[in-house]
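Here's the letter readout for the chains.
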Amino acid sequence: DTAVSQTPKYLVTQMGNDKSIKCEQNLGHDTMYWYKQDSKKFLKIMFSYNNKELIINETVPNRFSPKSPDKAHLNLHINSLELGDSAVYFCASSLSYTEAFFGQGTRLTVV
Amino acid sequence: AQSVTQPDIHITVSEGASLELRCNYSYGATPYLFWYVQSPGQGLQLLLKYFSGDTLVQGIKGFEAEFKRSQSSFNLRKPSVHWSDAAEYFCAVVPGRAGSYQLTFGKGTKLSVIP
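Residue numbers (this note's numbering), protein chains in the order written: chain S, 1 to 111; chain E, 1 to 115.
Next comes chain E alone, as it looks inside the complex:
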């Protein structure tokens, strides 16, 4: 079955430390890949996306993600975390042109930041 997995439910990092949030997908072909962030009480904001081309993509707020086809992964990274990055992070996929229009989300990773 097609799925999106975020293995880490909750991650805590110190301010200034580096961050990596994991995302794995299970689809027949390379899907379109996204990372969204949800601050408390807010809607979802797109951080970055991957459709094709360069496998390292840059996003807003200093985030980047790397697509690794061999590992079916699309991990999100940030070199130095700020307290304002505390939020819920969602990886999401669209199957691609051969699939439906459905944007499917992983279960999310909650990021806590220690001052």
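Looking at chain S on its own, in the form it has when it is part of the complex:
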């Protein structure tokens, strides 16, 4: 069983579209994250979600919105996609301050 799974693995879409990436964890963790990895491999946290408390990285445009229907899921919705949104997006989860487990990533390409 995959611990942290995200779908889709690849996503190609046109500018201006709205898209969602789904993430699910079956580890019983209480904290979930979304990270963006740019073309230089730099990993930047976008959001963390712990016990219904959302911590937002202020540099993330408000076109990005996380949605957590329950502790096991944290989806990422992106409105009005732009070319600069092209990146690999990673979902992760952890038990409070312990190590995070990562999904395999979603490679988003905006054309």
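Note that these hints are calculated values from the structure, not bench results.
Check the hints yourself; a few may be wrong.
[Said to hold, decoys possible] Chain E stretches covered by chain S per the calculated footprint, using a threshold of three residues with CB under 8 Å from any CB of chain S: (1) 74 to 84; (2) 103 to 115.
[As the list claims (entries may be wrong)] Coverage of chain S stretches by chain E, computed from C-beta distances (three or more under 8 Å per stretch; other residues unrestricted): (3) 10 to 20; (4) 45 to 57; (5) 84 to 96.
If you're wondering where the values come from, they're calculated on a predicted model, not measured in any experiment.
Glycine residues also receive a C-beta, built at the ideal position from the N, C-alpha and C atoms.
Given chain S, work out where chain E should sit, using these hints.
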């Protein structure tokens, strides 16, 4: 400002040679420390972690890391590198119980292995 620094962007070693990847952090208190590895096209895999106690920690795949409080460092080492170790390596920190839940990464070190 709090930060994680990996001074080496790219390191090339010969197969069988020893390896040390550097990581320095800048936090008010001792954070929780991690090393992750990312193979091409893959997600991140945890190699090892340090929370407290023995400052030399053992991880998977023959890796170890040493926490040095006086140097604010957490360097990753391996005595003999294998070709399959070629990957991107990330040092990461969590501020600890007084901080937020954010896991902050360094910019990574790319390891190339010469046969």
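Looking back at the hints listed earlier, which ones does the structure fail to meet? 1 and 3
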